[in-house]
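**Student:** Assemble chains B and C onto chain A, guided by the hints.
Residue numbers (our numbering), protein chains in the order written: chain A, -18 to 504; chain B, 214 to 337; chain C, -19 to 428.
Be aware that a few hints might be false.
[Said to hold, decoys possible] So, partial list: chain B residues that the calculated Cβ filter (under 8 Å) puts toward chain A: (1) V249; (2) F250; (3) E252; (4) V272; (5) P297.
[Claimed, not checked] Here are some, though not all, of the chain A residues that point toward chain B, as calculated from beta-carbon distances under 10 Å: (6) E482; (7) A484; (8) A485; (9) A486.
It should be emphasised that the hints constitute simulated quantities derived from the structure, not laboratory data. C-beta: ideal position from N, C-alpha, C; glycine also.
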Amino acid sequence: MMNKQGRATTGSGGHHMDIETISGDRGLDHEEPLIFELGRAGKCGVDLPDLEIKHDRLGGLRRRGQIGLPGLSEPEVVRHFVRLSRKNYAIDAGLYPLGSCTMKHNPRLNEKMARLPGFADIHPLQPVSTVQGALALIEELAFWLKTLTNMPAVAMSPKAGAHGEQCGLKTIKAAHKARGEKRSVILVPESAHGTNPATAALVGYTVEEVPANERGRVDVEALKAKLGPHVAAVMLTNPNTCGLFENDMRAIADAVHKAGAYFYCDGANFNAIVGKVRPGDLGIDAMHINLHKTFSTPHGGGGPGAGPVVLSAALAPFAPLPLIVHDAGGFRLVEDKADAKARDAKPFGRMCAFHGQMGMFVRALAYMISHGADGLAQVAEDAVLNANYILASLKDVMSAPFGKGPCMHEALFDDTFLKDTGVTTLDIAKALIDEGYHPMTMYFPLVVHGAMLIEPTETESKRSLDEFVAVMRGLVEKAKGNDKSRFQGAPFLAPRRRLDETAAARKPILRWTPPAPKAQAAE
Amino acid sequence: MSETRYTKDHEWVRVDGGVATVGITQYAAEQLGDVVFVELPKVGKAVEKGGEAAVVESVKAASEVYAPISGEIVEVNGAIEGEPAKVNAEPMGGGWFIKLKVKDAAEVSALMTEAQYQDYVKGL
Amino acid sequence: MRYLPLTEADRRTMLGVIGAKSVDDLFRDVPQEAYLTTLVDLPMHAGEIEVERQLGRLAAKNVSAGAVPFFVGAGAYRHHVPASVDHLIQRSEFLTSYTPYQPEIAQGTLQYLFEFQTQVALLTGMEVANASMYDGSTGATEAVLMAARVTGKKRVVLSGNLHPHYVETIRTTAETAGLEIVTGKPAPAAGETADHLVDDQTACLVVQNPDFFGNLRDITPLSDATHAKGALLIAVVTEVVSLGAVTPPGEMGADIVVAEGQSVGNPLNFGGPYVGLFATRQKFVRQMPGRLVGETADVDGRRGYVLTLSTREQHIRREKATSNICTNSGLCSLAFTIHLALLGEEGFARLAALSHERAVMTADRLSKVKGVELVTPTFFNEFTLKLPKPTAEVVEKLAKEHVLGGVPASRLLPHDKSLTNHLIVAATELTTPQDIDAFAAALTKVLT
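Okay, chain A solo, but in the shape it has when bound (with noise of 0.2 Å):
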């Protein structure tokens, strides 16, 4: 058998995973061992200058005993990261179709911008008449979030998604505060990321969940039933996690408003429809969004993000310090109740120190004026043509629970296609590590069973979506044909096979221990 290349795949079941090496590493997969291993005293790998004074004013606090960190020169220092990185899969190098995640290509144009000493060497508390353009900058990229989602202030200083989710709910509750009004539950769909619920009881909420229907949407006459006094916002995630948009939108804000309750969305899938529709024409009171999402900062490896939340009319007074004026001496900071109130606004509170993801900002600010308007539609345009060809590309073999009409930015699909392999989601998305792709999002969300959510976003190729689709297709036969070794000890291929979980949790190991003292030989 040829593979794609016309290299010839081994026969044998790759026999070349039997070889024994004399270093224990394999070709450019090197073992890699901690920096507390790899460490001596007396190594350094930054040069300082010499000390010019003795004393100190420590007060009698100077640390005694040494720390513990491991001495190292910068070559041993580079070698090892750039080893540990080769253990990863990125974006970079490869179609990332994580679900929910909105994994894009993140232009290095960006990353060139934030590191420009204007955005990254200017100190937070500086005197604002020496940070005039990042002031500038945050006010710029304020106006595209607004006029991207048609809602007329936003809240920049939220870092990450969950942290605007957050934001959002307290502006909510400070509005029914300022109304009098204590209102105690917010309403989430079953569907949910498990964020929406963690948020709501962080911020001294109730959570009722409502159901969804067989059409993978909110049922919006249950909603309606439990909606009530009591109920203080309605959170839902648009498109939603089944990758579907809620097209009864209107409906759900109207029910809500009249309720006296505020609607939240979570803008995790705002990709699908940016530049396409604004969510201030839905009736939503606030929503976040995830600049490392849906405008390319990278992730990191798990950050950082950035989450600003838009905002209505209603809410808009209530947003989180610090604020941003302009008047003729130019941008000012408030950075103080008093001083906001002054100025008529009722800021909740503050949601961290300083002003906000300076660095993400940038970045996004970046990404969104290399688009334009006409980038930005095309991004939205792409993303739901490229996840419609998966899911019309792959729904024949897997099951797609809402496959009749179309997706959005993702399709969704479900394990009944794996009845009776032997087979389950979670092998699928093992056996895709060894395909060379990193696996989709699995067992979420929980309302379908056995969930695989593929989300390829708008920067993959035709060419490259056409690769996944056959490697799908390989594998859904592979695993229809009872080939049930390839997937059940997968992956074989990767730096790791399958990890103890159950071993860690049980006894957490959390941080490298120096090891025992050797024993005194016995003779």
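**Tutor:** Leaving out everything else, chains B and C in the frame of chain A:
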């Protein structure tokens, strides 16, 4: 010792001399997978029927263990805190969770019998 | 458009496979009245040259710290970041990977996070640390919520000398979560003013060391007093480099240590992104917020790392999670880990000693300026001066003299009239004797 009774939440109860031993069923232990952690209540705490009595966790799931009947906690199984695997190995025996002083014996007899529970599980 | 690989021909072919007439057909679930048929009112796409020009213009309107004598601190500090740090964090495999949900192909991220957790535990003198929080202020907030979970109490006492932004951040989240916040009065020259507020209903006392004004203190007596009431002591460190010179909070009885890690490996970035460090005692590990990486082995017995104790987290526990955090500060924690690996024991101690030395030199020089008084006798790299004039005007005038000369206490505490003339000044290893001379000269000029 009375016969073992069961709840729809997959707890079992066995009463001996006014004290009920409570654990999770074989079915629950299998559904949960490898148990990695249990959180047990304090001795002396009063629990209501249906209230949260303990927490049991696997790698990817956390579940509440509900009190099948009302009563006061008189003993907890420290052995499963140190060795959670016992819950998988002997769910109906050494992997028990709590002992309760029975407040109302009628609450026990209202629970499912072995045969009823087996039928219930078959229907899931 | 350079970032979009599909051609018009591709799009037509793909629509054919899907069986849709047009892309609009795929958006048919959108209510018609909300579906835009024209472009939003924003500029059209732009090439790299144009983007660089536009953003370069904005960047040029700011005075960057490296361009002038620079003494601004109060929670963010300008240290040198070695060139290899920024190179390594921009490797594709670190920069463009997601949270390590598939450990078999994310060992790079998982191993450095394990190294990060170990470094943080060692620095703070604690037993365990998590894989980072957003920043110091949100980390401190999470610490307060954790203390309430551990103790089952709802009263939270904050030191008067805790960074005012941290106070406001904690208050904002803790109050909506149903906790009661009590604060001490800011006191740049006196001892702690909040410890007497701790009673047996108190969940925790939060103290900063060195504090907002720069004071360095032995917090052991505070932790003893706090523990005597059954409360936890949370120690906040906003300048993590101090831990290279100073006794760590873990050795002074802290139960939770939260730090802003920006100083190591991360630029000032106008306030973010930064990286929150969070460490505690082993016995509290299941009450911790945030991601944790643990060591384990794969089926072939090879050592590897996984995210662990996930049942604390939102994706499993939903409304019962210890925190709602998911994305944290991955790449900033990588920069921290690499920079600290480069420094090592010796380099980190040297960095701390140099920062202290430059601050001592600055304090000695500035307190010779007429009318200027040093308020904080013991400090690490930051101290407070009392000036004969309101500092808000002074720093603006200093800026006109091309010196960024510290933070007026009144910027963060505008309602405390006793602090109108207080200036908080920071130095690091990047502060030169020439910078100090320029500052002293400018200050003399501005004050006369």
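**Student:** Which hint numbers does the structure go against, in order from smallest to largest?
**Tutor:** 3
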